[in-house]
Amino acid sequence: MPPLFPEAASTIATRVDNLYGFLIGLTVFFSLLIAGLIVYYAVRYRRRSPSSIGATIHGGMLLEITWTVIPFMITMVIFVWGASVYFAMARPPDETLNIYVVGKQWMWKFQHLDGQREINELHVPVGRDVKLIATSEDVIHDLFVPAFRVKADVVPGRYVSLWFRATKPGRYHLFCAEYCGTKHSGMIGEVVVMDPAEYQTWLSGGPTEGSLASAGQKLFADLACNTCHRPDAQGRGPVLQGLFGKTVTLQSGEMVVVDEAYVRESILMPAAKITAGYQPVMPTFQGLVTEEQLLQLVEYVKSLQTQPEVETARPPASAPAAGEATPTGR
Amino acid sequence: MASTVLTPPHHYLNDGYGVKSWLLTRDHKRIALLYLASVTLFFFIGGAFAVLMRLELATPVGDLVTDDTYNKLFTMHGVMMVFFFLIPAIPAVLGNFLVPIMIGAKDLAFPKLNLASWYIYVVGGLFTLYALVAGGVDTGWTFYAPFSTVSSTTQVIPTAVGIFITGFSSILTGLNFIVTIHRMRAPGMTWFRMPLFLWSTYATSLINVLGTPVIAITVLLVGAERLFHFGFFDPRVGGDPVLFQHLFWFYSHPAVYIMVLPAMGVISELVAAGCRKPVFGYPFVAFASLAIAVLGFLVWGHHMFVAGESVYSALIFSILSFLVAIPSAVKVFNWTATMYRGSVSWQTPMLYAYGFIGLFTIGGLTGLFVAALGVDVHVTDTYFVVAHFHYIMVGGTIMGYLGGLHYWWPKISGRLYNESLAKLSAGVIFIGFNLTFFPQFVLGYLGMPRRYHAYPPEFQVLNVLSSAGASILGVGYLLPMVYLMWSLRYGRLASSNPWGAVGLEWTTTSPPPTENFAETPTVTWEAYDYQSSPAEGQVA
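Going down the list, the sequences are from chains A and B.
Under our numbering, the residues of the first sequence are numbered 1 to 330, in order.
Under our numbering, the residues of the second sequence are numbered 1 to 540, in order.
Chain B with its partners taken away, still in its complex shape (with noise of 0.2 Å):
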C-alpha cells in the first residue's frame, strides 16, 4: 500500500549537524526538539523527588530524609513539575512541532522570538536549579506568604526569579501561537477545517498571554517583600496574607487549563485518527476549549473555600466551578460518541487516548468534589485534594503528552518505535498512576493532610499502597525514555503516514523538510474527513 518515499533525502533532521544549527536555529521543529530535551530532563528531576518523597511515606515516621528535606522535596518536585515540565510540555514540544505545520505554514510568525522564548525557558530553569543546589526552597510550590515572606529561610528568591523569567517564555510562545493560527493559515484552512489539537494551543495560548503576567506580579511582589520588607501581605503593617492567594490563584488556577486543555486537543487528535473519522461535534469541542479558557478565568476563588473569603464569595466561585465542569464533561461525550462506529485502532496512542479519557473523567468527577462547598471544607489540604489534581495532571496531562509523543513521534524523527514495548509501557503506566493515586482519595477523606512528613499509623496501608504504584508507574516513564531513544538509531523507517490519518502533518514526508511542505497546500477539504481527504489511502 505504502507508496509513499521513506526518508527523504533532505529533512530538518539533516539540515546541518553542528551545535550551532541547533542552538541558532530558527525552525520551530528544531525548537520543539530543544523542548523536548530540556522539559525531559525537568521530568525525571521533578520525578525523582516524587520517589523520594513515595519512599518516605511508606513509613508513618520521618525517617528516611529530614522533615527540612522533605518539605523541600514537594516544593521542589510541585515547581518543576508545574513550572518547567507540565506548563510548557505540550504547547512548547508538539505545539511547536506541529501548529505551522498543521496550518500549512513554513514556520511561525516569529521564529527568532521562538528561539528566544527557549533561551528564556532555559535561563529560568537554570535560575531554579541553582536554587535547588544552593540548598533548595521549602515553601511548597504555592509560596504561601507570610510563609514565604518572612518565615522561611531557604532560597526563595531564586526559585522566585527563575519562575518570573520562564514566565516570558510561556507569554512569547503563546503570542507567536496567536498570531500564527490568525495570520499564516494556508489557502483554503479556515477556522472551523483547523484540526482541534490548534483550538486548544489557540485557547491555551490564550490564557498564557492574560494570565502569566499576573503570576510574574505575584513573584516578584513575593521577592520585593522579602528584600525590602514593603509589607504588601504583612499583617502587622496592614497588609494582608490572603491577597497573596487571590493573586497566585489568580494565574494558577487557570494554569492547570494551560497543562490540560494541549492535552485535550491531543486527544482530540488521537481520537480521530483512531477512529478514522470525524470527531463528534466537531464545533462544541472546539467551543468547548474556549469556554474553558474563558471560565478558568473565574474560578480561582476556589482554592480559598477555607481560607477567611466570605461566604458569599464562596458561593459565586463554587457555582462558577461547577460551570467550567460543563465543557469538560461535553468533550468526554464527544470523544466517546467518535468512537461509535469508527474504525477503531487498539495502537499506542490510542491507548493512551482511551486512558486520559478514564482517568480524566475520574479526575473531573473528584473535580465536583471540592467545588462542593461543604464537601470542600473537610477534603482540602489533604489527600484527596493531592489525588484529584495528580489526576488531571498526570492522568490527563501527561498521558496526552506521551500519547502525542506516540502519535508523531515518526513525524518527528522518520522512525517507527517498538509497538509491543509501547503498549506494554501504556498498560504499566495505567496500572501505576491509578495504584499510586487511587488510594489518595480514601486517604484524605479519611483526614491526612498534605505536605505530611510523618503521619498517624493508620494511614500507613493505604499509603504502602500509594508508594508501591509510584514505583511501577517510575518504571512506566523510564521504558519510553528507553524505545523511543532506541528508535532513533534502530527503529523501522516511517512513510509519511503510518497511521493512514488525515492532516497536513501527514501529507508531507517524515521528517518534514525544513519549510515543511515542497509547495504552500491549498485546503478543500473539512478536518477529519476520511472521505475525502489526500492523505487518504497513503497507509503505510
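Next comes chain A alone, as it looks inside the complex (with noise of 0.2 Å):
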C-alpha cells in the first residue's frame, strides 16, 4: 500500500494538511450526500410503468436560497483560509538563511553565500528560516519541495523567493514542476536538511571560492563598476554604499526599493530607472555577465551595507543569519 500522504517536514507543512485535510472531509460529505440522493431517488422513484410521468415540481425558493448561501458560506470560510496559509508562505520573516538558486535546462545550481555552490543537491539546517532567492537562465522553472509544501516558478528576468523551516533531518524530493523541455523530468534533486552541528560541519568542508560578496567585489573591479561607482561620490554614478534596502527618488519622482531586483535591472537595463540627479551613461552589461555573476554582484552591493569599501568578506548585514554560519577555508 503506498503512501496516502506525503511527509511533512516544515512548519507551514502541516498548516497545508489541516486544510487539505478540511477540503476532503468536506468533498466526501458533499459527495455521499449527491450519490446517497442519486441512488435513493433512482430506486424509490423508479419509473414502474412505460408511460408513467413524474410530479410537476417547479422548484422552491426556500430551497435554492438554502444551496444558494450554504455552499457560498462554506467557500469563504475555505477562502480565508487558504488565504492566511498562502499569507504566511508568501511573507519571509524579517532574518533568514539566504540561498540563491539558478535554474537552468536541466540542473538546479545552488549558492550559499560563503561560496560553497551545489548542483541539485541543497544543505539546509533543520530549524532555521531558509530563504531561497531564484531565477532562471533561460525558460521558465518551478521549485516544487513537497515535503515542505512550497513551491514557486522560477521566471527568467526576476529574482523570486520561497522560504520554509524544515522540521525534521533527512533527504527529500526536490522537483522542477514547471515543464521545461526535454528533460524536465531529471531536474530533480534532493534537499537535505541536517542538524545545526553537522550542517556547521558540512559548510566549513570542502572547497569554496570565497564567499558571494567578494567574488562580486572582484567583479566589480573588472568590469570597472568602480571607476563610475565611487564611494567618495565623485564618480558618475550613485554611491553604492550604504544603498542598498533604502528607498531612492527617481529621475521619474517615482520611488523604488533598492532591492535584489532593482540591482538586477540597473545592471541589465541601467536606463530604465535612472536616479534623480544622474545621467543615463551607464552600458548595459546585458549578456556580459552571467545570472550567477549577477548574484555575486547584487551580494556585493548588499555587502556595501556596514562596511563601505572594506574588502573583507564578511557576511552581509542584510542576511545576519548567514553570518552564524562562520565561514572557513577561504
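Hints were generated in silico from the structure; no laboratory data involved.
Beta carbons: idealized from backbone N, C-alpha and C, even for Gly.
Check before you lean on any hint, since a few could be wrong.
Unchecked claim - What the simulated footprint calls covered on chain B by chain A, stretch by stretch (three residues with Cβ under 8 Å from a Cβ of chain A suffice, anywhere in the stretch; the number is not a length): (1) 372-379; (2) 454-468.
Claimed, not checked - Here are some of the chain B residues that sit facing chain A, going by a computed Cβ distance under 10 Å: (3) Ala337; (4) Gly358; (5) Gly364.
Claimed, not checked - Here are the simulated SDA-like pairs of lysine to any residue, each with C-alpha atoms no more than 25 Å apart in a straight line: (6) A:Lys246 <-> B:Val311; (7) B:Lys112 <-> B:Val161; (8) A:Lys183 <-> B:Gly308; (9) A:Lys104 <-> B:Glu309; (10) A:Lys104 <-> B:Pro456; (11) B:Lys423 <-> A:Tyr40; (12) A:Lys183 <-> B:Met53; (13) B:Lys423 <-> A:Ser52; (14) A:Lys218 <-> A:Arg236; (15) A:Lys104 <-> B:Gly62; (16) A:Lys183 <-> B:Ala134; (17) A:Lys218 <-> A:Glu265; (18) A:Lys183 <-> B:Lys112; (19) B:Lys112 <-> B:Thr514; (20) A:Lys183 <-> B:Ile157; (21) A:Lys104 <-> B:Val150; (22) A:Lys246 <-> A:Ser161; (23) A:Lys104 <-> B:Val61; (24) A:Lys104 <-> B:Leu227; (25) B:Lys106 <-> B:Ile178; (26) A:Lys131 <-> B:Leu315; (27) A:Lys273 <-> B:Gly62; (28) A:Lys104 <-> B:Gly136; (29) A:Lys273 <-> B:Phe230; (30) A:Lys104 <-> B:Thr154; (31) A:Lys183 <-> B:Val150; (32) A:Lys104 <-> B:Thr66; (33) B:Lys423 <-> A:Ser51; (34) A:Lys183 <-> B:Phe459; (35) A:Lys246 <-> A:Pro93; (36) B:Lys423 <-> A:Ser49; (37) A:Lys109 <-> A:Lys131; (38) A:Lys183 <-> B:Thr514; (39) A:Lys183 <-> B:Pro60; (40) A:Lys168 <-> B:Pro456.
Dock chain one against chain two, each of which comes alone in its own frame, and use the hints as you go.
Dropping the structure here:
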C-alpha cells in the first residue's frame, strides 16, 4: 500500500495538511450526499410503467436560497483559511538564511553566501528559516519541495523567493514543477536537512571560492564598475555604499526600494530607472554577465551596507543569519 | 402505444446521397454529422496518445519512448483533445443538430456560414495534423513562453496556425447560435420556454465569441516572436514571460466552461427526460449558466498563484474562483432535486447523467482545493491538477457528450442502438474513468509533478492503477463506436419519440425531414411540461 500523504517536514506543511484534511472531509460529505440521494431517488422513484410521468414540481425558492447561501459561506471559510496559509508562505520572516538558486535546462544550481556551490542538492539546517532567492537562465522552471509544501515558478528576468523552516532532518525530493523541455523530469534533486552541528561541519568542509560578496567585489573591479560608482561621491554613478534597502527617488519622481531586483535591473537595463540627479550614461551589461555573476554583484552591493569599501568577506548585514555560519576555508 | 410513423419516406439522410450532397450541404443536421465524424477522429488520435503515455508511466523509468517523444505525446494529446475535441464536440455536433430543432426553426440563421465553420475547423485540423506528422510539438498545450518562443525546436508554428484557424470556427458557430436563438424561435417559444440545453449553448456561444479572439492573438504573438524575435515575452529585451500566461489563461480558463457548460445543458435534458418532469428550479439553472459564463472570465489568474503574480492579485482571483463554484453547485443540487418524485429511468442516457453528476461533483469539489491559495501552492503543477481537470473534462464533458449522443441517437440516425451493450459500456467507462484518475489525486498530493516522463519509484503503484484504469476506459470508449455504427445498419427503427420525452425535437420524425418540421410549430406549453406537451403519450 503506497502512502497517501507525503512527509510533512516544514512548519508550513502541517498548516497546508490541516486545510487539505478539511477539504477532503467536505468533499467526502457532499459527494456521499449527492451520490446517496441519486441512488436513493433512482431506486425509490424508478419508472414503474413505461408511460408514467413524474410529479409536476417546478422548484422551491427556499431550497434555492439554502443551497446558494450555504455553499457560499463554506467557500468563504475556505477562502480565508487558504489565504492565511498563503500569506504565511508569501511573507518570509525578517531574518533568514539566504541561498541563491539558478535554474537552467536541466539542473538546479545553488550558491550559499559563503561560497559553497551545489548542483541538484541543497543542504540546509533544521529549525532555521531559509529563504531561497531564485532566477532562471533560460525558460521558466519551478522549485518544488513536496515535503515542505512550497513551490515557486522560477521566472527568467526576475528574482522570486520562497522560504521554509525545515522541522525534520532527512533527504527530501526537489522537483522542477514547470515543464521546461526535454529533460524536465530529470531536473530533480534532493534537499538535505541536517542538524545544525552537522550543517556547520558541512559548511566548513569542501572547497569554496570565497564568499559571494567577495566574488562580486572582484567582478565589480574587473568590469570597471568602480570607476563610476565611487565611494567618495565623485563618480558619475550613484554611491553604492549603504544603498541597499534604501528608497531612492528616480528622475521621474517615482520612488523605488533598492532590492535585489532593482540592482539586477540597473545592471542589465541601466536606463530603465535612473536615480534623480544622474545621467543615463551607464552601458548595459546584458549578455556580459551571467545570472550567477549577477547574484555575486547583488551580494556585493548588499555587503556595502555596514563596512563601506572594506573588502573583507564578512557576510552582509542584511543576511545576519548567514553570519552565524562561520565562514572558514576561504 | 406507438402510433407514430417509423422512418418517414423523406428525411435529411436520404435527401441526396452523393459526396457533394454532404460536402456542400447547408443543412445544420448534416453539418452536425460532418463534425461528428471529424471530432471522433481527433478524439481517437488524442486518445491513442493518452494510451501511449499511460503505458510509459506504468514503470518509473522512461523506457517505452524517449523523453522528447513523451513530451510530444502529452502536448499533442492536450492540443487534440482541447482544441479539436472538447471545445467543438457538444456545440458543433449536438448543438448544430439541436439548436434549430429545439426552437422550431428550419435551420440556423446562417447556414452557409455554418458549413464554412466546418471547413475552417478542418483546415485548422489539417495544419495540426501536419505538425504531428512533421515531427510533432513539445511545448505542452499551454505553449508557455519563453520555452515555446525561444527554446523549443519543434513544430510550434504549424500547431499555432492550426489553433488560430480553428478558433474562427468556434467564433462563427457561436455567432450563428446567438443570432439563431435571438431571431429564429418559433411563435410562442419564449426565452423561458426554451430547453435548458439552449441556455447553456447560448452562454457557451458568448464565451466563444468574446474569448476566442484572445487565444488567436496569443498564438499569433508566439508565432511572431519565434519568427521575428519581437521580444514580447523575452525579459532580455524588457518583455515578460508571465504576460503570456495572462493572455493564454484569459481564454483558456473560460475555455473550460466552453467545454463543460454544453455538457451541463445536455444533463439538464437527460435528467428532465429521464425523470419525465420539469427540471427543478429552471430559472436558477438557466441563470447559473450565464453566471458561469460571466464569472468564468474573471478567474484566469488562479492558474498563476505560484507564477509570480502579486499576493493581492492572488487573493482577488481566489475569491472569484470560489464564487464561480456556486452556480455549478446550484446546478448539481437542482438536478438531484429533479429526481424527487420523478418517473426515474435506468436507461443508458440517464446512466450517463448519474455518472456526470457524481464525477462533476468530485471534479467541482476538488476545484475548491486548487482555488484555496495555501493548498494550491502545493498541488498546482502536480497530478492533483491533472486529476481535477480530467474529472471536469472527461468525467463531465465526455460523459455529457456520450449521454447526449445516446439520447439523441434515435433522432439523429432513426435507429435504436443495443441497450444492453450501451449500459455495459456506460458502466465500463465509469469504472475505467475512476480507476484512471482517482489515484492521480493521491499522486499529486504526494508531490508527483505533471509532465514527467520518469518518476521516483515510490509513485509506481498508483501509476500502475491509473494505467490499468486507462486500458479499461479505452475499451469503454471503443464499444459505443462499434455498436452505434452497427445500429446505423442493423438497429431497430426508432419512432419519433422513443423516450416518451417532451421537446420539439421529439415532435418531428426520426430522422427529421430536411426542413425539420412539416409546418412551423406554435408553442403554447412550458419547457418540460409533461402534463400538456404534444409529445406526451407518444411513447414507443
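Comparing the hints with the structure gives:
With 7 residues bearing a CB less than 8 Å from a CB of chain A, the stretch 372-379 of chain B meets the requirement of three and the coverage assertion stands. Counting residues of the stretch 454-468 of chain B whose beta carbon lies closer than 8 Å to any beta carbon of chain A gives 7, which reaches the threshold of three, so the coverage claim holds. Interface restraint check: B:Ala337 against chain A, minimum CB-CB distance 7 Å, threshold 10 Å, status holds. The closest approach between the C-beta of B:Gly358 and any C-beta of chain A is roughly 5 Å, which is under the 10 Å cut-off, so the hint is satisfied.
Of the supplied interface hints, the one on B:Gly364 holds, with its beta-carbon coming within about 9 Å of a beta-carbon of chain A, less than 10 Å. Between the alpha carbons of A:Lys246 and B:Val311 the distance comes to roughly 23 Å, so the proposed pair stays at or under 25 Å and holds. Note on B:Lys112 and B:Val161: the hinted pairing holds, with a Cα-Cα distance of about 23 Å set against a maximum of 25 Å. At roughly 23 Å between alpha-carbon atoms, A:Lys183 and B:Gly308 fall within 25 Å of each other, so this suggested pair holds.
With a C-alpha separation of about 21 Å, the suggested pairing of A:Lys104 with B:Glu309 holds against the 25 Å cut-off. A distance of roughly 21 Å separates the Cα atoms of A:Lys104 and B:Pro456; the hinted pair therefore holds under the 25 Å criterion. Distance hint between B:Lys423 and A:Tyr40 is fulfilled; the C-alpha atoms sit about 19 Å from each other, no more than 25 Å. Distance check on the hinted pair: A:Lys183 and B:Met53 sit about 16 Å apart at the alpha-carbon level, within 25 Å; holds.
At roughly 22 Å between alpha-carbon atoms, B:Lys423 and A:Ser52 fall within 25 Å of each other, so this suggested pair holds. For a cut-off of 25 Å, the pair hint linking A:Lys218 to A:Arg236 stands: about 20 Å separates their Cα positions. Straight-line distance between C-alpha atoms of A:Lys104 and B:Gly62 comes to about 21 Å, which keeps the hinted pair within the 25 Å bound. For a cut-off of 25 Å, the pair hint linking A:Lys183 to B:Ala134 stands: about 22 Å separates their Cα positions.
This hinted pair checks out: A:Lys218 and A:Glu265 have alpha carbons roughly 20 Å apart, not beyond 25 Å. Between A:Lys183 and B:Lys112, the direct Cα distance comes to roughly 48 Å. Violation of the 25 Å bound is thereby established for this hinted pair. Restraint check for B:Lys112 and B:Thr514: satisfied, since their Cα atoms lie roughly 15 Å apart, inside the 25 Å limit. Distance check on the hinted pair: A:Lys183 and B:Ile157 sit about 22 Å apart at the alpha-carbon level, within 25 Å; holds.
The suggested pairing of A:Lys104 with B:Val150 holds, with an alpha-carbon distance near 14 Å, which does not exceed 25 Å. Distance hint between A:Lys246 and A:Ser161 is fulfilled; the C-alpha atoms sit about 20 Å from each other, no more than 25 Å. Proposed proximity of A:Lys104 and B:Val61 is supported: the alpha carbons are some 22 Å apart, at most 25 Å. For the suggested pair A:Lys104 and B:Leu227, the alpha carbons sit about 24 Å apart, so the restraint of at most 25 Å is met.
Our distance criterion of 25 Å between C-alpha atoms is met by B:Lys106 and B:Ile178, whose separation comes to about 16 Å. About 23 Å separates the Cα atoms of A:Lys131 and B:Leu315, which keeps this hinted pair within 25 Å; it holds. Taking the CA atoms of A:Lys273 and B:Gly62, the gap is near 48 Å; set against the 25 Å cutoff, the hint is violated. The hinted pair formed by A:Lys104 and B:Gly136 meets the criterion: a straight-line CA distance of about 24 Å does not exceed 25 Å.
With a C-alpha separation of about 22 Å, the suggested pairing of A:Lys273 with B:Phe230 holds against the 25 Å cut-off. At most 25 Å may separate the alpha-carbon atoms for a hinted pair to count; A:Lys104 and B:Thr154 meet this at roughly 19 Å. Note on A:Lys183 and B:Val150: the hinted pairing holds, with a Cα-Cα distance of about 16 Å set against a maximum of 25 Å. Using a Cα cut-off of 25 Å, the hinted pair A:Lys104 and B:Thr66 holds, with the two alpha carbons roughly 21 Å apart.
Simply put, B:Lys423 and A:Ser51 have alpha-carbon atoms about 21 Å apart, close enough for the 25 Å limit, and the pair holds. A distance of roughly 19 Å separates the Cα atoms of A:Lys183 and B:Phe459; the hinted pair therefore holds under the 25 Å criterion. A hinted pair counts as satisfied when its Cα atoms are at most 25 Å apart, and A:Lys246 with A:Pro93 qualifies at roughly 19 Å. Of the supplied pair hints, the one linking B:Lys423 and A:Ser49 holds, its CA atoms being roughly 20 Å apart against a limit of 25 Å.
Taken as a hint, the A:Lys109 and A:Lys131 pair is honoured in the structure, with Cα atoms around 15 Å apart against an allowance of 25 Å. A hinted pair counts as satisfied when its Cα atoms are at most 25 Å apart, and A:Lys183 with B:Thr514 does not qualify at roughly 55 Å. Of the pairs offered as hints, the one joining A:Lys183 and B:Pro60 holds, with about 15 Å between alpha carbons and a cut-off of 25 Å not exceeded. Taking the CA atoms of A:Lys168 and B:Pro456, the gap is about 21 Å. The hint holds against a cut of 25 Å.
Hint check: violations occur at hints 18, 27, 38; the rest are consistent with the structure.
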